[in-house]
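Novice: Use these hints to put chain B with the ligands onto chain A, whose structure you have.
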Amino acid sequence: MKSIKDIERTMDFHGEALDNIFETYRLMRENCPVGRSEKYGGFWFLSKSEDIFKVEQDADTYSVKPTMLVPPVADFPMIPIDTDLPELMDYRRILLPLFTPQALAKMEKPVRDIAQDLAREFADSGTTDATAGFARALPTIFFSRLAGFPEKDWPKFDAWVDDILYERTLDPERAKKAQDAVMAYFDDLIEKYRGRTIDEADTGTIMDYLLEAKIKGEPLSRQELLSYCYLMFLGGLDTTAWAIRASLWHLAQDLDAQRKLRENPDLIPMAAEEILRTLSPVQAMGRTCKKDTVIRGQEIKAGDRVVLLFGAGNRDPDIYDEPEKIKIDREDNRHLAFGAGHHRCLGSNLGRRELVIGLEEFLKVVPEFTLGDPSEKWYGVGRLTLNFKK
Amino acid sequence: MKVLLDSHRCQGHARCAAFAPETFVFDDDGFSRVREGMEDVKPENAPGVRKACANCPELAISIIED
Ligand code: HEM
Ligand code: SF4
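These protein sequence lines map, in sequence, to chains A and B.
The first sequence lines up with residues 1 to 390 when you count with the numbering used here.
The second sequence lines up with residues 391 to 456 when you count with the numbering used here.
These are calculated hints, taken from the structure and not from any lab test.
Don't be surprised by glycine CBs; every beta carbon is placed ideally from N, CA and C.
Take the hints with a grain of salt, since some may be wrong.
Said to hold, decoys possible - If you anchor each label on the Cβ, the simulated ranges turn out as follows: (1) A:Ala181 / B:Ala436: 37 to 43 Å; (2) A:Pro110 / B:Ala444: 29 to 35 Å; (3) A:Pro219 / B:Ala436: 21 to 27 Å; (4) B:Glu412 / A:Arg93: 23 to 29 Å; (5) B:Asp430 / A:Lys176: 57 to 63 Å; (6) B:Glu412 / A:Lys106: 30 to 36 Å; (7) A:Gln102 / B:Ala436: 21 to 27 Å; (8) B:Glu412 / A:Glu299: 46 to 52 Å.
Chain A on its own, in the form it takes in the complex:
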């Protein structure tokens, strides 16, 4: 048995650490809600919802520099995620109009059409991997179109995302190679957009918005464009795929919930929030303390890294009753899956709609399914084998 101190010291939220993470979170919330890990150069970590919300909303004390990601996923600052106020808002404003409730209403039908086709194909084909066939495919197709990433390039995306997000803790060299490949890809794509030699993409894509944007009268520099594209690529694809996969993973084991959602699809938006809360695609993000401060009696020094454990805050018993239980009809669900404050996930409303519509269409078409391989993990975007009667 590891002691509490050892668990604290080796606290991590990547790879195999996720196998038992909810138990780890519970121990940390109860014993050291402001803990200290030696991983990734050393960081404080917060596991109470209230503390995390406070830090998210306190731009005077916390910065996202040098990067929000722990460990980093790029060797340059990413836009907008690694930018502080006030520049942050200049960058966010470029894309905010794309994700308002009004703008999202227009995306309903295209998302639904894609989800319907994928679900039918999955149900008919006899393949069983719901990740490749559905969870990853839906955001790859929908988000890539919205972003203006040409269809012929999609087959390359999964491996790049895997190498950058999932291999970085195991094989940093491979992650770096993938980073370089993605940057080279966008360098080339920006050139094509500039010369308008692109034909697959319509106007009004994220690429168009970024290329046309002006901040204080100036267009974005090459490096700014590349950096923004890189972050959108990482933020728009993997998280949504995780959320859809995790939902199916859960429903494959909770047949009662699966039946309820089939009978009453109006419950799906609520169920989606509950999955986002309990199986959050982004388990944690980092900040850097700008001036000496105190959290729950613990002194934090200027320059210290502070990690916000969204996944732990989302199961905080001070906020939720039966926090560890996945209740698809939980009504009050003020969670941290998309963060909060001025860095609130820019794509949260899109990610939500993709998840909800994806589940609606999947449940309409695919008959009752169960877990085909119980050794598959709850997290990530690896294979998800589902059994169902064809």
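Specialist: Same frame as chain A, now just chain B with the ligands:
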């Protein structure tokens, strides 16, 4: 019952739109405010407004009971 929205806190999560679309409107950047004339919450809208309040991640919405 009255509903108030603190626009300094609002970060555009649009949870309020999901629960009480009749009560909240959004600007072109997706930030919310209470629709004109909807500050006094009609009884039929009260459950939705309460849910919006409970689900707003930024605690930007407050309710004043009569
Ligand atoms: C279910 C899907 C998603 C989840 C769970 C998720 C989660 C998150 C989280 C936790 C953050 C950090 C927020 C913070 O530190 O307060 C974030 C930031 C971000 N996300 Fe998402 N995300 C999702 C989908 C998307 C999509 C579809 C897009 C693309 C449109 C996107 C784009 C971004 C961007 C640009 C940021 C940086 C915002 C900033 O720093 O100002 N995300 N996301
Ligand atoms: S839920 Fe809260 S933060 Fe989100 S748009 Fe409504 S008021 Fe603003």
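Novice: Confirm or reject each hint.
Specialist: Structure-based check of each hint:
The hint said 37 to 43 Å for the Cβ distance between Ala181 (chain A) and Ala436 (chain B), and at roughly 54 Å that hint is violated. Look at Pro110 (chain A) against Ala444 (chain B): about 32 Å separates their beta carbons, and that is inside 29 to 35 Å. Take Pro219 (chain A) and Ala436 (chain B): their Cβ atoms lie about 48 Å apart, and the range 21 to 27 Å is violated. Between Glu412 (chain B) and Arg93 (chain A) the beta carbon distance is about 27 Å. The supplied range of 23 to 29 Å therefore holds.
With their beta carbons about 58 Å apart, Asp430 (chain B) and Lys176 (chain A) fall inside the hinted range of 57 to 63 Å. Between Glu412 (chain B) and Lys106 (chain A) the beta carbons are some 20 Å apart, a value that contradicts the proposed interval 30 to 36 Å. Under the hint 21 to 27 Å, the C-beta atoms of Gln102 (chain A) and Ala436 (chain B), about 25 Å apart, fit the expected range. Hint check: Glu412 (chain B) to Glu299 (chain A), Cβ distance near 48 Å, so the stated range 46 to 52 Å holds.
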